[in-house]
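As you go down the protein sequences, you meet chains A and B in turn. Taking our numbering, the leading residue of the first sequence gets 353, the next gets one more, and so forth. Taking our numbering, the leading residue of the second sequence gets 76, the next gets one more, and so forth.
These are computed hints drawn from the structure, not numbers from a lab. Take these hints with a grain of salt, some might be off.
[What the hints assert, rightly or not] Here are the computed distance ranges between Cβ atoms for each label pair: (1) A/Q468 - B/D229: 39 to 47 Å; (2) B/E189 - A/R395: 46 to 54 Å; (3) A/T422 - B/F141: 47 to 55 Å; (4) B/E116 - A/R558: 38 to 46 Å; (5) B/F141 - A/E508: 30 to 38 Å; (6) B/P299 - A/I510: 45 to 53 Å; (7) A/K550 - B/I260: 40 to 48 Å; (8) A/D389 - B/N112: 32 to 40 Å; (9) B/H144 - A/L396: 54 to 62 Å.
We put the CB at the ideal spot given by N, CA and C, even for glycine.
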Amino acid sequence: MEANIHGSPSFAYLDIELAPGESVIAESDAMATMSADLDVKARLNGGLFSGLCKKLLGKESLFINEFTNTRGENRRITLAQSNPGDITHMALHSKTICLQPGAYIASTSQIKLGLQWAGFVSGISREGFFRLTVSGEGSVWFGSYGGLIEKEIDGEFIVDTSHLVAYEPQLKLKLQMAGGFFSSIFSGEGLVTRVEGKGKIWLQTRSVSGLVGWLNPKLF
Amino acid sequence: MKIETIHGPGNAAAHVTLENNETLVAEGGAMIAMSTNVSIETTTHQKRKGGIMSGLKRLLGNESFFLNHFTANSDGAVVTVSPTLSGDLKVLKLNNDRIIVQSGSYVACEKSVEMDIGWQGFKSLFAKEGLFWLNLSGQGQVIVNSFGAIYPIDVDGEYIVDTGHIVAFDETLNFSLSKAGKSWISSILGGEGLVCRFKGKGTVWCQSHNASAFGRALGKQLKPIKR
Numbered sequence: 353m354e355a356n357i358h359g360s361p362s363f364a365y366l367d368i369e370l371a372p373g374e375s376v377i378a379e380s381d382a383m384a385t386m387s388a389d390l391d392v393k394a395r396l397n398g399g400l401f402s403g404l405c406k407k408l409l410g411k412e413s414l415f416i417n418e419f420t421n422t423r424g425e426n427r428r429i430t431l432a433q434s435n436p437g438d439i440t441h442m443a444l445h446s447k448t449i450c451l452q453p454g455a456y457i458a459s460t461s462q463i464k465l466g467l468q469w470a471g472f473v474s475g476i477s478r479e480g481f482f483r484l485t486v487s488g489e490g491s492v493w494f495g496s497y498g499g500l501i502e503k504e505i506d507g508e509f510i511v512d513t514s515h516l517v518a519y520e521p522q523l524k525l526k527l528q529m530a531g532g533f534f535s536s537i538f539s540g541e542g543l544v545t546r547v548e549g550k551g552k553i554w555l556q557t558r559s560v561s562g563l564v565g566w567l568n569p570k571l572f
Numbered sequence: 076m077k078i079e080t081i082h083g084p085g086n087a088a089a090h091v092t093l094e095n096n097e098t099l100v101a102e103g104g105a106m107i108a109m110s111t112n113v114s115i116e117t118t119t120h121q122k123r124k125g126g127i128m129s130g131l132k133r134l135l136g137n138e139s140f141f142l143n144h145f146t147a148n149s150d151g152a153v154v155t156v157s158p159t160l161s162g163d164l165k166v167l168k169l170n171n172d173r174i175i176v177q178s179g180s181y182v183a184c185e186k187s188v189e190m191d192i193g194w195q196g197f198k199s200l201f202a203k204e205g206l207f208w209l210n211l212s213g214q215g216q217v218i219v220n221s222f223g224a225i226y227p228i229d230v231d232g233e234y235i236v237d238t239g240h241i242v243a244f245d246e247t248l249n250f251s252l253s254k255a256g257k258s259w260i261s262s263i264l265g266g267e268g269l270v271c272r273f274k275g276k277g278t279v280w281c282q283s284h285n286a287s288a289f290g291r292a293l294g295k296q297l298k299p300i301k302r
């Protein structure tokens, strides 16, 4: 499999060349173009119960697509996310990564998609009750709205909740107010996430909720 | 005519340098800046007469849209054009070829390029593209735009393009609506639904992103418009 990310950072898309017998799993509706003889199968996103949980509580799709090259030659598929932004590739070696709702784009067939309880506060603040986890051996591609910032955390760090895209599972996340009661409401920062521990996080330089917040007052 | 694109694929624009008496034809609202030695003429595009199809087209397609003709009064005139949405621009060169452009993707072309309103049938509605297409032919350069990056796919046989991702394609190609996989159930459950299946030999230019998918993602969170 050969995968290339083009169009970064504003309109990244993922070109994958599948060798005979290889397959790639992608988020529902991520396919932009593909060879006509690729085999497409819709799969439940990790079993019916887990799939339903992901859809209802984690804001993920109930179904994902598996694209398989059943031919004798290489075949090409191009994937993109719905929002403009960057895409990054991660090679997981028995590692786990937690993804925020909407970040997942595609993975190789050995990668397991799972669910992790994210906490009541996360659910109430509309970040989803569950988090998508990707684990196993292989490649994962996830994306952002805007550019991606990768950051190594050692100790404590504060991020705006709507800008968090992915993080390593050993990190502890706590939702909290940005400052005191007054400044949290009037600073425009609202809820933030306090990240504790040692590991990597990925941030996006724009947030859809920010764009929505800017657009809404202009609609009438 | 020299066309230079800048700032792609994020927020592309094109600087068009005109020699004396050269004319650039652009869709209304595309010009963002120009030198003072350029005269503008606004015309409605005239369609050819006759035929049941062209009558039908007129009936459905609101007859004409406005085009601006930018003509240089002296050498070295510059017109800068850009589309409304973020995304890429691509310059396609016609050399007695015929291409079909999704009408929302057309930005500008040289005057020597012939333009006609085309009709791909009602499948265009289901393909989430405009009902009408531009048939461009002749000699000269054409500027097309996209939501996202533009990449070419060389089709020889069959290739699948998801609905809403077509920018332009060679007339030697033909597309039909079909399912993405072998079964309809899988196509619908998998969220791909209908896709466009291109057949023939030629190039289709695709946009990496789908403006209506982004619109849907945003739309859920936008407040309803009061009427």
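Here is how each hint holds up against the structure:
no.: 1; hint: A/Q468 - B/D229: 39 to 47 Å; in the structure: 43 Å, holds
no.: 2; hint: B/E189 - A/R395: 46 to 54 Å; in the structure: 48 Å, holds
no.: 3; hint: A/T422 - B/F141: 47 to 55 Å; in the structure: 50 Å, holds
no.: 4; hint: B/E116 - A/R558: 38 to 46 Å; in the structure: 40 Å, holds
no.: 5; hint: B/F141 - A/E508: 30 to 38 Å; in the structure: 59 Å, violated
no.: 6; hint: B/P299 - A/I510: 45 to 53 Å; in the structure: 34 Å, violated
no.: 7; hint: A/K550 - B/I260: 40 to 48 Å; in the structure: 46 Å, holds
no.: 8; hint: A/D389 - B/N112: 32 to 40 Å; in the structure: 54 Å, violated
no.: 9; hint: B/H144 - A/L396: 54 to 62 Å; in the structure: 56 Å, holds
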